[in-house]
Amino acid sequence: MPHTKKPRVATVSLAGCFGCHMSLLDLDERFLQLSDIVEFGRSPINDLRRFNERCRVGLIEGGCCNEENVQTLVEFRESCDLLIAVGECAIMGGIPAMRNTLPLADCLEEAYLDGRSVYNPSGRIPDDPELPLLLDRVYCAHDVVKIDYHLPGCPPQADTIWQALVAVLSDNPVNLPYELVKYD
Amino acid sequence: MDLPLRERIESVCRQYDRRRDRLMDMAIDIQAAERCISPEAQDALARELGMEVVDVQSLVTFYAFLTESPTGRVVVRLCDDIPDFLAGLDAVAEALSSELGLEFGQTSPDGQITLERTPCIGMSDQCPAALVNEVVVTNLTPESARAMARGLLRHGDPHRLVEHTGDGRNSHELIRAMVQNNLRERGPVLFGGPVTGRGLEAALRKPSAEVRAQVRASNLRGRGGAGFPTGQKWDFAAKAEGTRRTVICNADEGEPGTFKDRVLLTELPELMFEGMTIAAYAIGADEGILYLRGEYTYLRPFLEHVLGLRRRSGLLGRNILGHSGFDFDIRIQMGAGAYVCGEESALISSCEGLRGDPKTRPPYPAQSGYLGRPTVVNNVETLCAAARILEHGADWFAAIGEPQSTGTKLLSVSGHCERPGVYEVPNGLTLSDLLERVGAKQVQAVQVGGFSGHLIPPREFGRRISNTDLLTGGAVLVLGEGVDLIAMGVRVLEFFVEESCGFCTPCRAGNVLLLERMKRVAAGHGEEADYTYLAELSEAIKGTSRCGFGQTSPNVVLDLLRHFRPVLEKSIGIDPGNGTREAFDLGAALRDAERISGRRSTHHLAERTEHREAAPRKEVKIDGQTRQDTPKEGER
Amino acid sequence: MTDSFTIRVDGRVIEARQGQTIMEATEQAGIYIPRLCDHPDLRAHGSCRICTVLANGRSVAACTQPVERDMEVKNRHPRVEAWRRQLIAMLFVEGNHFCPCCEKSGNCELQALGYLHGMTATQHPHLFPRRAVDGSHPDILLEHNRCVLCGRCVRASRDVDGKQVFQFAGRGLNRHITVNTEAQLDHPGLDLKDKAVSVCPVGAILKKHKHYGVPVGERKFDHDPIGSDVESHDQDKVT
Numbered sequence: 001m002p003h004t005k006k007p008r009v010a011t012v013s014l015a016g017c018f019g020c021h022m023s024l025l026d027l028d029e030r031f032l033q034l035s036d037i038v039e040f041g042r043s044p045i046n047d048l049r050r051f052n053e054r055c056r057v058g059l060i061e062g063g064c065c066n067e068e069n070v071q072t073l074v075e076f077r078e079s080c081d082l083l084i085a086v087g088e089c090a091i092m093g094g095i096p097a098m099r100n101t102l103p104l105a106d107c108l109e110e111a112y113l114d115g116r117s118v119y120n121p122s123g124r125i126p127d128d129p130e131l132p133l134l135l136d137r138v139y140c141a142h143d144v145v146k147i148d149y150h151l152p153g154c155p156p157q158a159d160t161i162w163q164a165l166v167a168v169l170s171d172n173p174v175n176l177p178y179e180l181v182k183y184d
Numbered sequence: 001m002d003l004p005l006r007e008r009i010e011s012v013c014r015q016y017d018r019r020r021d022r023l024m025d026m027a028i029d030i031q032a033a034e035r036c037i038s039p040e041a042q043d044a045l046a047r048e049l050g051m052e053v054v055d056v057q058s059l060v061t062f063y064a065f066l067t068e069s070p071t072g073r074v075v076v077r078l079c080d081d082i083p084d085f086l087a088g089l090d091a092v093a094e095a096l097s098s099e100l101g102l103e104f105g106q107t108s109p110d111g112q113i114t115l116e117r118t119p120c121i122g123m124s125d126q127c128p129a130a131l132v133n134e135v136v137v138t139n140l141t142p143e144s145a146r147a148m149a150r151g152l153l154r155h156g157d158p159h160r161l162v163e164h165t166g167d168g169r170n171s172h173e174l175i176r177a178m179v180q181n182n183l184r185e186r187g188p189v190l191f192g193g194p195v196t197g198r199g200l201e202a203a204l205r206k207p208s209a210e211v212r213a214q215v216r217a218s219n220l221r222g223r224g225g226a227g228f229p230t231g232q233k234w235d236f237a238a239k240a241e242g243t244r245r246t247v248i249c250n251a252d253e254g255e256p257g258t259f260k261d262r263v264l265l266t267e268l269p270e271l272m273f274e275g276m277t278i279a280a281y282a283i284g285a286d287e288g289i290l291y292l293r294g295e296y297t298y299l300r301p302f303l304e305h306v307l308g309l310r311r312r313s314g315l316l317g318r319n320i321l322g323h324s325g326f327d328f329d330i331r332i333q334m335g336a337g338a339y340v341c342g343e344e345s346a347l348i349s350s351c352e353g354l355r356g357d358p359k360t361r362p363p364y365p366a367q368s369g370y371l372g373r374p375t376v377v378n379n380v381e382t383l384c385a386a387a388r389i390l391e392h393g394a395d396w397f398a399a400i401g402e403p404q405s406t407g408t409k410l411l412s413v414s415g416h417c418e419r420p421g422v423y424e425v426p427n428g429l430t431l432s433d434l435l436e437r438v439g440a441k442q443v444q445a446v447q448v449g450g451f452s453g454h455l456i457p458p459r460e461f462g463r464r465i466s467n468t469d470l471l472t473g474g475a476v477l478v479l480g481e482g483v484d485l486i487a488m489g490v491r492v493l494e495f496f497v498e499e500s501c502g503f504c505t506p507c508r509a510g511n512v513l514l515l516e517r518m519k520r521v522a523a524g525h526g527e528e529a530d531y532t533y534l535a536e537l538s539e540a541i542k543g544t545s546r547c548g549f550g551q552t553s554p555n556v557v558l559d560l561l562r563h564f565r566p567v568l569e570k571s572i573g574i575d576p577g578n579g580t581r582e583a584f585d586l587g588a589a590l591r592d593a594e595r596i597s598g599r600r601s602t603h604h605l606a607e608r609t610e611h612r613e614a615a616p617r618k619e620v621k622i623d624g625q626t627r628q629d630t631p632k633e634g635e636r
Numbered sequence: 001m002t003d004s005f006t007i008r009v010d011g012r013v014i015e016a017r018q019g020q021t022i023m024e025a026t027e028q029a030g031i032y033i034p035r036l037c038d039h040p041d042l043r044a045h046g047s048c049r050i051c052t053v054l055a056n057g058r059s060v061a062a063c064t065q066p067v068e069r070d071m072e073v074k075n076r077h078p079r080v081e082a083w084r085r086q087l088i089a090m091l092f093v094e095g096n097h098f099c100p101c102c103e104k105s106g107n108c109e110l111q112a113l114g115y116l117h118g119m120t121a122t123q124h125p126h127l128f129p130r131r132a133v134d135g136s137h138p139d140i141l142l143e144h145n146r147c148v149l150c151g152r153c154v155r156a157s158r159d160v161d162g163k164q165v166f167q168f169a170g171r172g173l174n175r176h177i178t179v180n181t182e183a184q185l186d187h188p189g190l191d192l193k194d195k196a197v198s199v200c201p202v203g204a205i206l207k208k209h210k211h212y213g214v215p216v217g218e219r220k221f222d223h224d225p226i227g228s229d230v231e232s233h234d235q236d237k238v239t
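Residue numbers (our numbering), protein chains in the order written: chain X, 1 to 184; chain P, 1 to 636; chain C, 1 to 239.
It cannot be assumed that every hint is accurate.
What the hints assert, rightly or not - Anything over 12 Å on all C-beta distances counts as not near chain X; from chain P, calculated:
id: 1; residue: Arg73
id: 2; residue: His323
id: 3; residue: Trp396
Said to hold, decoys possible - Here are a few chain P residues that face chain C, going by a calculated C-beta distance under 7 Å:
id: 4; residue: Ala540
id: 5; residue: Gly543
id: 6; residue: Thr544
Unchecked claim - Pairwise CB distance ranges, derived in the manner of DEER restraints:
id: 7; chain 1: P; residue 1: Ser324; chain 2: C; residue 2: Arg69; range: 39 to 45 Å
id: 8; chain 1: C; residue 1: Val133; chain 2: X; residue 2: Asp81; range: 40 to 46 Å
id: 9; chain 1: C; residue 1: Glu81; chain 2: P; residue 2: Leu371; range: 37 to 43 Å
id: 10; chain 1: P; residue 1: Ala529; chain 2: X; residue 2: Asp81; range: 15 to 21 Å
id: 11; chain 1: P; residue 1: His155; chain 2: C; residue 2: Val133; range: 44 to 50 Å
id: 12; chain 1: X; residue 1: Asp81; chain 2: P; residue 2: Glu528; range: 43 to 49 Å
id: 13; chain 1: C; residue 1: Arg43; chain 2: X; residue 2: Asp128; range: 55 to 61 Å
id: 14; chain 1: C; residue 1: Asp41; chain 2: P; residue 2: Arg205; range: 51 to 57 Å
Keep in mind that the hints were calculated from the coordinates and are not lab data. Bear in mind that the values here come from a model prediction, so they are computed numbers and not experimental data. The beta-carbon is built from N, C-alpha and C at its ideal position, and this holds for glycine as well.
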């Protein structure tokens, strides 16, 4: 790989809400600066859905709530030199992990059959073969693959993502100042 | 006859003069009579004693032998300590469970029988063993377990399970237990001669300060496992400010694998009570408490009888042996299934009618203990030794053993050896000498000091039982070559998780996390990084825990890491190579969804882990007999 | 004064008095020792263990350990700080702390301790226990999911409010706070003005109808790390 080539950054939202990606867009004019120094690989930002080249950094939003999330996350691990868990969901499961205190069957029954606001004339839990199967609980990113850095926040501030990216792309350790270590 | 609950509880409270600090006794009596302490009973108790119901609830929910919902009339508690596993516990458990038609933790629908597991009941030299209400059954086999179950279903009377009684005073009409003393070696101190009572006589001829000086001179150290100098403890209590003082004998003997105090309580209770009386005289105490673990309830009538004889002989009560002004009496406080109560400040909490949370130290019990009084808490063996010291002199005692570790030590030996039982040996004995005496061959490791003690590898068998080397309460568990040490570590941690009082963070949560990671390792999914994790977590728990419980619970993990690294390394899983965590099992994580949806995952990663699943998985068994389990077709 | 002497904390010499705890002496000297269960208006408890320090080489809880003449205390010591990180992480994983949707977020002391120690993720797996929420009181919410078992409410209710609304029940990981009624929180004794209601360091005891009252950026720990107040009040005495 010629050294002039820009490092590639891939991003994904697994069991997340895309809030962390919004935060990435919150970089505002720095986003232009970012696109000067990196190329986006697989990412919703450029709508590229496959890895066509190895990436330097993968930003993971969200934990794993189904088999497809696991598959995607493993692909990221295989295709990226460094993985950064971005936001509470990737770090500890986040809001989706609230279901982790209950068995999966109870969650599905409440959501599709018994819940007070449920309108479901079919009386069935959705089970189209196209739907990825849910995991017994929501796993955080580092339950499934090795993660190199964690950026806390819900979402992490744009500054957090910026500082972390700048650090890892220049081979420096990620050291966040007090104001950027936030869990909300 | 059938009084309303409120009145039944009132009558229990009356027996203890409605004293809140006797709440333990009331709770134990109510549990025995009502088979539970229901919320209504708690409410009645609280009203009767003029206290808050949350305080009653706080106590009831702490002790394993107290329950809020009814148990069966007969509660079968099968001991699941490691020696029991080594002696075939699984087959016995299976026999009991199938014959009674009950899973562990269940009560029969007719309310007759509850089947439970319980940690060490102090019978490790004659296991598998069980408690049936307060009756002890020992040396269980699948056949005898079945016979026992059938008997209980037929007549429901635990006492009829005792067909023959054990040796020594186990056959005393007030004990009548099938328990054996298995006293293999009698040393010069405790079992060196008859109990004469001359120790107390000698003590009463001296000023109390001289009694303390003599105990100091003997260099006697606490035999419960901490090794604190006894004379110094007595001095602290004697000199502490306070109008009343208390002597407590710690007969909680909860450390798994320890049973030597049981033999002292059976054979030498007079010596123990003599020691307590000497301690009382030495520090100026007027009240004594024998804290007897709930598992030894079968010894209580006998011990009460011995106390009664002593009162009648003027050895307890007012002006003991005519010594004007020396008044002292002893009551027995029963425990109710809480290992942590062996810790002296937790034991004091329990005696005060509180949940068994250890207390903040300082102040130490000697300054401010039971009900705020200066209190000495000594182990059974320590008090027996103290009585002998007063009888034969400090020099006599100090000449036995080693200079820094005087006298003898009583050891409870169990596990893989020909002669398990109790040994009174001089301090300084090496482990290899001991192993020879007990008939142990092909030993992989010895656990000295119980679960909170240390796992000693063969290359360190030259170490000595001594205050300056292997300081121990006396439990010696011999582990033969077949034992799966990692599975054993898991069992040890399970015990600590069950028994933690939960007061402080590291012990409450840290032990759970240690167990989680050790289980992962035991299942063959360890990663190299897990060993650093385990070591750092262990150090944090030891370094920050509030009492001896958490300060020692990670020992087994650290010892495995230190001495048995190759054993652990065998359990490192195969790195999947793609950065996935070894412990993550997609196949298992999808099982619920597959069952609910009725379709199988077509995911190639799930298939990959399914292969792993289909491969024979190692069942975690302490006895090292691995069971090859292949999932049945269609089960997944 | 005969009962006053000096101790050293991380090399700094400070005044201390006989009968003081390490926590009290350091607090007075403007040295912050991280803590969670300890509260200036309540009797020391020594349960969270976050204030663990090395005193003359021995690890002790600063909130309960009395000072001794010439005591050598290590507070900002790598080993001690590693232990504290472990303890904070343990508290996060043993309960259900979903900071993003907690009303206490930004004002939460557990969270603030995580921030102070630069914690971005826990090394421990989350246990996700199943715990109850008690919303029976008209003005107060008891959220067991977020309880860290510090016992501040137990002590405040008993020792300050004179009511004993709360108590510990169960043991080990099942240890929990129980409420002094047959079933629910609407105990006649518990009042919004009670000390027990205001001392909770986390979002376990919350006043209802307050919601997310303070905007992000203006909350207690948004800018100032926990302990800043202690460290600032005595800057001029730093030697």
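Structure-based check of each hint:
1. The beta carbon of arginine 73(P) is kept farther than 12 Å from every beta carbon of chain X, the shortest such distance being approximately 34 Å.
2. Taking the minimum C-beta to C-beta distance to chain X, about 64 Å, the non-interface status of histidine 323(P) holds against the 12 Å cut.
3. Non-interface status of tryptophan 396(P) relative to chain X is upheld: no Cβ of that chain comes within 12 Å, the nearest being about 64 Å off.
4. Nearest Cβ of chain C to the Cβ of alanine 540(P): about 4 Å, under the 7 Å cut. The hint holds.
5. Hint status for glycine 543(P) relative to chain C: holds, with the closest Cβ pair at about 5 Å, below 7 Å.
6. The interface hint given for threonine 544(P) is met, as the beta carbon of that residue sits about 4 Å from the closest beta carbon of chain C, less than 7 Å.
7. In this structure the hint that serine 324(P) and arginine 69(C) lie 39 to 45 Å apart at CB holds, the actual value being about 43 Å.
8. As the Cβ distance of valine 133(C) to aspartate 81(X) is approximately 43 Å, the hint placing it in 40 to 46 Å holds.
9. Range check, glutamate 81(C) to leucine 371(P): Cβ separation about 40 Å, and the 37 to 43 Å hint holds.
10. Take alanine 529(P) and aspartate 81(X): their Cβ atoms lie about 19 Å apart, and the range 15 to 21 Å holds.
11. One distance hint, 44 to 50 Å for the beta-carbon pair histidine 155(P) and valine 133(C), holds here, with the actual separation near 48 Å.
12. Between aspartate 81(X) and glutamate 528(P) the C-beta distance comes to about 20 Å, which lies outside the given range of 43 to 49 Å.
13. Between arginine 43(C) and aspartate 128(X) the Cβ separation comes to about 60 Å, which falls inside the hinted range of 55 to 61 Å.
14. A hinted range of 51 to 57 Å for the beta carbons of aspartate 41(C) and arginine 205(P) is consistent with their spacing of about 55 Å.
Going through the hint list in order, the structure does not satisfy hint 12, though it satisfies all others.
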